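K.L.:
Sequence:
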Amino acid sequence: MSAGGEHLKDEGTKQQVVIAGGVAGLVSRFCIAPLDVVKIRLQLQVHSLSDPASHREVTGPVYKGTISTMKAIIQQEGIRGLWKGNVPAELLYVCYGALQFTTYRSTTQLLAQLPTQHRLPLQLESFVAGAAAGGFATAVTYPLDLLRTRFAAQGTERVYTSLSASVQEIIAHEGTAGLFRGCSAAVGQIVPYMGLFFASYETLRPQIAHLAFIEHYLPLSSSDAAAGVCASIIAKTGVFPLDLVRKRLQVQGPTRTRYVHRNIPESTGVLHTLASIMRTQGVRGLYRGLTVSLLKAAPASAVTMWTYEQTLRVLREAEIAS
Numbered sequence: 001m002s003a004g005g006e007h008l009k010d011e012g013t014k015q016q017v018v019i020a021g022g023v024a025g026l027v028s029r030f031c032i033a034p035l036d037v038v039k040i041r042l043q044l045q046v047h048s049l050s051d052p053a054s055h056r057e058v059t060g061p062v063y064k065g066t067i068s069t070m071k072a073i074i075q076q077e078g079i080r081g082l083w084k085g086n087v088p089a090e091l092l093y094v095c096y097g098a099l100q101f102t103t104y105r106s107t108t109q110l111l112a113q114l115p116t117q118h119r120l121p122l123q124l125e126s127f128v129a130g131a132a133a134g135g136f137a138t139a140v141t142y143p144l145d146l147l148r149t150r151f152a153a154q155g156t157e158r159v160y161t162s163l164s165a166s167v168q169e170i171i172a173h174e175g176t177a178g179l180f181r182g183c184s185a186a187v188g189q190i191v192p193y194m195g196l197f198f199a200s201y202e203t204l205r206p207q208i209a210h211l212a213f214i215e216h217y218l219p220l221s222s223s224d225a226a227a228g229v230c231a232s233i234i235a236k237t238g239v240f241p242l243d244l245v246r247k248r249l250q251v252q253g254p255t256r257t258r259y260v261h262r263n264i265p266e267s268t269g270v271l272h273t274l275a276s277i278m279r280t281q282g283v284r285g286l287y288r289g290l291t292v293s294l295l296k297a298a299p300a301s302a303v304t305m306w307t308y309e310q311t312l313r314v315l316r317e318a319e320i321a322s
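Going by full-length UniProt numbering, the sequence shown opens with residue 1, and the numbers climb by one from there.
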């Protein structure tokens, strides 16, 4: 996306933005799928790593870091275990990417039509547009996010046999509301996250583009990727506890004790889950899995923004050529 406020609103037609956003989501998801599975497993693990006594009642695996978790999954479930939940996740990322960038574009265009005296500063405008885009895309695609988490949480025992069967079983035993379990935490997390992300991205991208060595030594608009990495780290760290709460809430229900971690505690809401984690695990418990989350989020954002910018450029050049 362009650094200048005015040009940002006019990049590509709505159809081009939808296609570019969908392609960006598809490519990004495939690249970071293993780290996503590792992150979810670590977020759902509730026993203390520093207290071996807490492991005695644990029947599932005990994960102790990104690399060791990845090795354990491969040993116990095969290489395909790192891509568990990839089908709903790919659908999620494609739909989410298309909705996110379309809503972001529409919101920024709407804000650009405000009278000059009421125009927002670029960073605040980007924050508002990013928050709106993230909130809307998250709410619409949330059932796919829940399914992605539940499939990734499965160990050698298959809780759900297929995507369609999982939807039918959840509706039958938990009602339609079961597909939106934890949605309030997701929206509560994504609104400030996407606001911070796009505000940071639009601020950092032109600054990074001025660093000659970035474009000289790295190919194809690498300032997009570099700005995406920095913006993602800033935003993800700020809202991570809500992301962890969302994962805990997504695996509640009648299948809670059947996932790879058998001792996931029962949670009834965002505040209850936050209080429970603080009481049993302290502040550090709220950031369980942050390292791998940043390892995942940074390259994911870099790949997403780079792919989006390059796909949009190709589509626009093809339109001009025709």
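These are computed hints drawn from the structure, not numbers from a lab. None of these values were measured; they are calculated from a predicted model. Hints may contain errors.
Quick list of simulated restraints, FRET-style, between CB atoms [claimed, not checked]:
| id | residue 1 | residue 2 | range |
| --- | --- | --- | --- |
| 1 | GLN168 | CYS31 | 28 to 34 Å |
| 2 | ALA139 | ASN263 | 29 to 35 Å |
| 3 | VAL314 | ALA139 | 27 to 33 Å |
| 4 | VAL314 | ILE74 | 33 to 39 Å |
| 5 | THR156 | THR13 | 46 to 52 Å |
| 6 | ILE67 | VAL167 | 20 to 26 Å |
| 7 | GLU266 | SER164 | 24 to 30 Å |
| 8 | VAL87 | THR116 | 46 to 52 Å |
| 9 | HIS173 | SER68 | 33 to 39 Å |
The C-beta atom is built at its ideal place from N, Cα and C for all residues, glycine as well.
K.L.:
Is 24 to 30 Å respected by the C-beta to C-beta distance linking GLU266 and SER164?
P.N.:
Since GLU266 and SER164 have Cβ atoms about 28 Å apart, the given range 24 to 30 Å holds.
K.L.:
Taking 28 to 34 Å as the stated bounds, is the beta-carbon spacing between GLN168 and CYS31 within them?
P.N.:
Because 31 Å falls inside the window, the suggested range holds.
K.L.:
When you take the CB atoms of VAL87 and THR116, is the distance between them in 46 to 52 Å?
P.N.:
Holds, since VAL87 and THR116 (Cβ atoms, about 48 Å apart) stay within the stated range.
K.L.:
Can you let me know if the beta-carbon spacing of THR156 and THR13 is within 46 to 52 Å?
P.N.:
Taking Cβ atoms as reference, THR156 and THR13 lie about 48 Å apart, which means the hint holds.
K.L.:
Lying within 20 to 26 Å: is that true of the beta-carbon distance ILE67 to VAL167?
P.N.:
violated (34 Å)
K.L.:
Okay, VAL314 versus ILE74 on CB: inside 33 to 39 Å?
P.N.:
At roughly 36 Å between Cβ atoms, ILE74 and VAL314 fall inside 33 to 39 Å, so the hint holds.
K.L.:
If you check the beta carbons of VAL314 and ALA139, does the distance land in 27 to 33 Å?
P.N.:
The hint (27 to 33 Å, Cβ to Cβ) holds, given that VAL314 and ALA139 are roughly 30 Å apart.
K.L.:
When you take the CB atoms of HIS173 and SER68, is the distance between them in 33 to 39 Å?
P.N.:
holds (34 Å)
K.L.:
CB of ALA139 to CB of ASN263, is that within 29 to 35 Å?
P.N.:
holds (31 Å)
Against the hints set out earlier in the document, a violation occurs for number 6 only.
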